[in-house]
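K.L.:
The residues making up each chain are set out below.
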Amino acid sequence: MLLSNVETVPGRTIVEFYGVVSGSTVRAKHLGRDIAAGLKNLVGGELKGYTELLSESRQEAVARMVREAEALGANAVVNVRFSTSSISQGAAELFAYGTAVRVE
Amino acid sequence: MDSEALPLLFGLGATVALLVLGFVAGSIAERRHYASIRQRERDLLRLPALTFEAPSTWTVRRGALVAGSVVVSLDYFKRFLAGLKSLIGGRLRSYETLLDRARREAVLRMKEDARRRGFDAVANVRLETSSIASARRNGKGVTGLEVLAFGTAVAVDQLGGRSGPTEPG
Numbered sequence: 001m002l003l004s005n006v007e008t009v010p011g012r013t014i015v016e017f018y019g020v021v022s023g024s025t026v027r028a029k030h031l032g033r034d035i036a037a038g039l040k041n042l043v044g045g046e047l048k049g050y051t052e053l054l055s056e057s058r059q060e061a062v063a064r065m066v067r068e069a070e071a072l073g074a075n076a077v078v079n080v081r082f083s084t085s086s087i088s089q090g091a092a093e094l095f096a097y098g099t100a101v102r103v104e
Numbered sequence: 105m106d107s108e109a110l111p112l113l114f115g116l117g118a119t120v121a122l123l124v125l126g127f128v129a130g131s132i133a134e135r136r137h138y139a140s141i142r143q144r145e146r147d148l149l150r151l152p153a154l155t156f157e158a159p160s161t162w163t164v165r166r167g168a169l170v171a172g173s174v175v176v177s178l179d180y181f182k183r184f185l186a187g188l189k190s191l192i193g194g195r196l197r198s199y200e201t202l203l204d205r206a207r208r209e210a211v212l213r214m215k216e217d218a219r220r221r222g223f224d225a226v227a228n229v230r231l232e233t234s235s236i237a238s239a240r241r242n243g244k245g246v247t248g249l250e251v252l253a254f255g256t257a258v259a260v261d262q263l264g265g266r267s268g269p270t271e272p273g
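As you go down the protein sequences, you meet chains S and V in turn. Residues 1 to 104, numbered by the numbering used here, are exactly what the first sequence covers, in order. Residues 105 to 273, numbered by the numbering used here, are exactly what the second sequence covers, in order.
A portion of the hints provided could be inaccurate.
Computed footprint of chain V on chain S; a stretch qualifies when at least three of its residues, placed anywhere within it, have a C-beta under 8 Å from a C-beta of chain V [what the hints assert, rightly or not]:
1. 15-27
2. 39-46
3. 53-67
4. 72-83
Calculated from the structure, these hints are not laboratory results. Every residue, glycine too, gets a C-beta built ideally from N, C-alpha and C.
Only chain S is shown next, with the shape it has when bound in the complex (with noise of 0.2 Å):
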């Protein structure tokens, strides 16, 4: 599966349109990592506990939305973009959305 956020896949021609497919994920914080970057709260700087949950949990939206274009019959997501919103204390959604296209 070809992605991108720009309107094409470059390098290749767009041959058919299959329409907006997404995929998120809703996460939360898991103890052990939130007493860490509590921790890590008093010096300041990255939290790296959080920095991975997220990006894998951005990574399985993304999968979820690969599963949703495949399932269309397209080999490409093109003008793919991310979302992030929280929802309560704790738990955020990330979201991912793009145009299922078939590429040649």
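Please arrange chain V on chain S, whose structure you already have, making use of the hints.
P.N.:
Leaving out everything else, chain V in the frame of chain S:
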């Protein structure tokens, strides 16, 4: 008298200790981080990031989505200072440098992702910032800011002389 003053003194002592710890550790971490950012930015100068699509003069062979992200937080001292400053308003310098570091770090990680996968430039870069605070009732708890940088990495044929990416300036 003494038995009442003792817990108060202890609480004050702990706060001061946290402030000192935050100040010392935070300043050292910030200086190191900036040094690392500047070094890596120089290394990746030949892999430009554009906020628009690849120019038509480039011969693009292939492309793929690349991303980089980072979650950062303020140290105890700066958060205390920002809390005081927000009473009177104005510029919160400690947040400005934090966001600056986070954005540059995210862009660098995105570029490193592109270089690792053999690309020459990143087109259509987008930056997103979101707050992932988890405040507890007492107003403490973890506060963090996530910055995500993503774009379409492209592999460009450099054969056409001016068609390849060049250093800015």
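K.L.:
For each hint, tell me whether it holds in the structure or not.
P.N.:
We went through each hint and held it up to the structure:
{"no.": "1", "hint": "15-27", "verdict": "violated (count 0)"}
{"no.": "2", "hint": "39-46", "verdict": "holds (count 7)"}
{"no.": "3", "hint": "53-67", "verdict": "holds (count 3)"}
{"no.": "4", "hint": "72-83", "verdict": "holds (count 4)"}
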